[in-house]
Amino acid sequence: LSSVPLQILFYINGFYYIFYFLATLAMIVYKSQVFSYPDDFLTPDLALLFIMAVLEVLRLYLGSKGNLTEEEAPLGLSLVITVGSVILSVYFLIWQTYVLKADVIINAVLLFTYGLESVLQVLAIATFVG
Amino acid sequence: VAKLCTCDLLVAQCDVNCCCDPDCSAADFSLFTTCSVPIVTGDSRLCSQKAAIYSLDVEANPPERVFKLIDQVNPSVFCIHATNYKQALSFSSPEMPTSENFDQLLKQFGSAAFSAEPDSWNIDSDTPNSSDANETYRYEYGVPIQTMDGFLRLPSPVVSSWCSDANPAGFLVNQATKCIRSVSTEKCGNIQAVSMLFYISSSILAVPKSSQMVNITVQSIVLQSLNGMRTLLNSNDVLRHPMILDELCINIVLGVSYHITYTDAGQIIEAAASFVLGAINKEALSVQQSFEISFTQVNTKPVPLSGNPGYVVGLPVRAGFKPQGYPFPIAVLLSALNTNKYGQLTILQSTSNQDCLEAQGGRTPVLFGYNMISGCKLRITAAMKCQPLTQALLDLLKGQSFPEYVASFGNSQAQDVLDWVPITHLHTSEQTMRIYNTFQSSCQIPVSLEIEVKWTKYGSLVNPQARIVNVTATTTTTTLKQLASGRERTIPITSSVVFTDISSPAEPGYKAWPTINAKLPFDFFFPFV
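Note that the protein sequences, when read in sequence, are chains H and R.
At position 25 of the first sequence (counting the first as 1) the number is 25 in UniProt numbering, and the numbers step up by one without a gap.
At position 379 of the second sequence (counting the first as 1) the number is 379 in UniProt numbering, and the numbers step up by one without a gap.
Bear in mind the hints are in silico, worked out from the structure with no lab data behind them.
Heads up, a few of these hints could be off.
Stated by the list, open to error - Listed next, the in silico SDA-like pairs over lysine to any residue satisfying Cα-Cα at most 25 Å (straight line): (1) H:Lys65 with R:Ile70; (2) H:Lys101 with R:Ser48; (3) H:Lys101 with R:Gly42; (4) H:Lys101 with R:Ser274; (5) R:Lys107 with H:Tyr37; (6) H:Lys101 with R:Lys107; (7) H:Lys101 with R:Gln72; (8) H:Lys101 with R:Ser503; (9) R:Lys50 with H:Trp95; (10) H:Lys101 with R:Asp71; (11) R:Lys107 with H:Trp95; (12) H:Lys101 with R:Leu69; (13) R:Lys457 with R:Phe525; (14) R:Lys50 with H:Asp40; (15) H:Lys101 with R:Phe91; (16) R:Lys50 with H:Ser36; (17) H:Lys101 with R:Arg45; (18) H:Lys101 with R:Val77; (19) H:Lys101 with R:Leu46; (20) H:Lys101 with R:Cys47.
Claimed, not checked - Some but not every residue of chain R turned toward chain H, in silico, with C-beta under 8 Å: (21) Cys35; (22) Ser36; (23) Ser44; (24) Cys47; (25) Val73; (26) Val77; (27) Cys79; (28) His81; (29) Ala82; (30) Tyr85.
Cβ coordinates follow ideal geometry from the N, Cα and C atoms, glycine included.
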């Protein structure tokens, strides 16, 4: 009953997120050197990035556990956390201090992945419940 | 972007080869050879920005300028797509100074180099304020004395002789000023500056920026009548206001004398004011007021300093006695018994009649740096006896209580015994060459007293302080020959003070060469040591 596409997506998401995290961190460092990036603006951006990393780890763990053990509770919790991750991704897409084109690209991909995962998670929950 | 032109330097005139200059007409463009500014864009780091391109079309006849407005795209993947930070890409216009932000702007821009980040981004800028609150303030020399509303005023003449109330009294700065205040008798009750209340109304802050107040008490009131006669009032607590009596305006403040008592921690603990009140009549248009302020340290008697620390030329030389039983009763002040009331070294003062025996005993204080000589003429008659004459002359020359010690610095305290120089006494005789046996039968009377004060420059070369090192009082005696009866002789008696500078030349003082303090470890040569 476990959803194989969902599991594949979680797996790919894990790798992609590592890339995303490192890329965003590197770009923030680049921006702070090249542009004028005062501490007042740098601190929230970095903090949100780390929060997002924590949420992502939690989300992927719960989601994959729920999918493999065919329980809907962790999967539901993972869905809730996905909402938080989506908001953070939108922040990095629109409300960051400097949004580079590269930021737009990787955040768009991340949002697309989240969207796809959410749909598959809902379907999986429906399958497990029903 | 279309309106920006960096080569447009001349106002209302066409700049040569400037294709974007709005002042140029088509005829001017036809004379250009190239465009000095081919493109004007915004920040090139943005992903897409507008660009104005100017070029000359030389094919056409006459050449004409071509202007194109396009969107330039930055191909890099790191181009800025958007910013949420207003000042990101432009120079921020500086803040206009107003009275609120002036202090902050001065702190930020007032020094030789600006700080890299403005203080508004630093949260640390709030902490100095709170740490100051825990610091104890204290008055320092010259700092204006603060009162509840502003500063303690000591009216003084500014430019002209008219009183100005804007002169603050400085801490430990003894001042005395005189100035003229314009009054009118009809409104004398309304003029604040001649009423007592004006001078004692606001209380003095004990330390700057504190809430501890010291009230100004009225120490004494002296009434001065129109003809100048002064009487001291017995009751000091009644505040007297100016009022019109007959045709006079009475209780006008003619002089205020403030006495401030302070501790050595820089705190004011007492303030007293003595007033001189007078009366003016209807015709008077102005009144002269005099003000003074003096400072006394708590638990000390005010001893006027003759310099701080070195003696100041023209101020009296301070002297005194060592109390009996030193060193045990150390608490007794040295200046308890003084040459004169103020603890000064004095010499005989010449009088107009120059007769020694009629001298009233007037003495003048010895002023530092001023060599003085004074004297009188002694008329010796046959009837004078030797011993009382000797004693009288000694009293005349040395005074009633000639001191034993002289202060070496102008501000020497009586408690510091090492700061006081003992006076050395020498006796010489005028007739040292005479045969010895004439000494014994004749009378030796002192005829001159010479005080030699040796002083040296002490301290730094830039600001040397005068310090008395040695004081020698030499009494010269002469033989009094017995006179035939009926005859008299006049001999001069002199006393003098000489100041000699025995300073040694200044020596430069250099810091010691730095030494290299390198030692090998204890067990460096282990197997062998």
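To see whether the hints hold, each was checked on the structure:
For the given pair, Lys65 (chain H) sits about 54 Å from Ile70 (chain R) by alpha-carbon distance, which is inconsistent with the 25 Å threshold. Among the hinted pairs, Lys101 (chain H) with Ser48 (chain R) is consistent with the structure: their alpha-carbon atoms are about 11 Å apart, no more than 25 Å. With a C-alpha separation of about 17 Å, the suggested pair Lys101 (chain H) and Gly42 (chain R) falls inside the 25 Å cut-off, and the hint holds. Our distance criterion of 25 Å between C-alpha atoms is broken by Lys101 (chain H) and Ser274 (chain R), whose separation comes to about 82 Å.
For the given pair, Lys107 (chain R) sits about 23 Å from Tyr37 (chain H) by alpha-carbon distance, which is consistent with the 25 Å threshold. Between Lys101 (chain H) and Lys107 (chain R) the alpha-carbon distance is near 40 Å, which puts this suggested pair outside the 25 Å criterion. Between the alpha carbons of Lys101 (chain H) and Gln72 (chain R) the distance comes to roughly 15 Å, so the proposed pair stays at or under 25 Å and holds. About 82 Å separates the Cα atoms of Lys101 (chain H) and Ser503 (chain R), which puts this hinted pair outside 25 Å; it is violated.
Restraint check for Lys50 (chain R) and Trp95 (chain H): satisfied, since their Cα atoms lie roughly 23 Å apart, inside the 25 Å limit. At most 25 Å may separate the alpha-carbon atoms for a hinted pair to count; Lys101 (chain H) and Asp71 (chain R) meet this at roughly 17 Å. The suggested pairing of Lys107 (chain R) with Trp95 (chain H) is violated, with an alpha-carbon distance near 33 Å, which exceeds 25 Å. As the CA atoms of Lys101 (chain H) and Leu69 (chain R) are separated by approximately 23 Å, the hinted pair is consistent with the 25 Å bound.
Of the pairs offered as hints, the one joining Lys457 (chain R) and Phe525 (chain R) is violated, with about 55 Å between alpha carbons and a cut-off of 25 Å exceeded. A distance of roughly 30 Å separates the Cα atoms of Lys50 (chain R) and Asp40 (chain H); the hinted pair therefore is violated under the 25 Å criterion. Restraint check: the Cα-Cα separation between Lys101 (chain H) and Phe91 (chain R) comes to about 23 Å, which is no more than 25 Å; the hinted pair holds. In summary, the hint linking Lys50 (chain R) to Ser36 (chain H) is supported, as the alpha carbons are separated by about 23 Å, within the 25 Å threshold.
For the hint linking Lys101 (chain H) to Arg45 (chain R), the alpha-carbon distance of about 11 Å falls within 25 Å, and the restraint holds. At roughly 5 Å between alpha-carbon atoms, Lys101 (chain H) and Val77 (chain R) fall within 25 Å of each other, so this suggested pair holds. With a C-alpha separation of about 9 Å, the suggested pairing of Lys101 (chain H) with Leu46 (chain R) holds against the 25 Å cut-off. Between Lys101 (chain H) and Cys47 (chain R) the alpha-carbon distance is near 7 Å, which keeps this suggested pair within the 25 Å criterion.
Evaluation of the Cys35 (chain R) hint against chain H yields a violated restraint, the C-beta minimum of about 31 Å exceeding 8 Å. The beta carbon of Ser36 (chain R) is not positioned within 8 Å of any beta carbon in chain H (closest approach about 29 Å), and the interface hint is therefore violated. The interface hint given for Ser44 (chain R) is broken, as the beta carbon of that residue sits about 13 Å from the closest beta carbon of chain H, more than 8 Å. Taking 8 Å as the C-beta contact cut-off toward chain H, the hint placing Cys47 (chain R) at the interface holds, the least distance being around 5 Å.
Annotation: Val73 (chain R) was flagged as interfacial toward chain H, and the flag is violated, the nearest CB pair being 10 Å apart, outside 8 Å. A cut of 8 Å between beta carbons decides the hint on Val77 (chain R): the least distance to chain H is about 5 Å, and the hint holds. Hint status for Cys79 (chain R): holds, given a least beta-carbon distance of 5 Å to chain H, under 8 Å. Given hint, His81 (chain R) at the interface with chain H, holds; its Cβ is 4 Å from that chain's nearest Cβ, closer than 8 Å.
Hint status for Ala82 (chain R) relative to chain H: holds, with the closest Cβ pair at about 4 Å, below 8 Å. Checking Tyr85 (chain R) against chain H by beta carbon gives a least distance of about 5 Å; that is within 8 Å, so the hint holds.
Violated hints, in rising order: 1, 4, 6, 8, 11, 13, 14, 21, 22, 23 and 25; the structure is consistent with all others.
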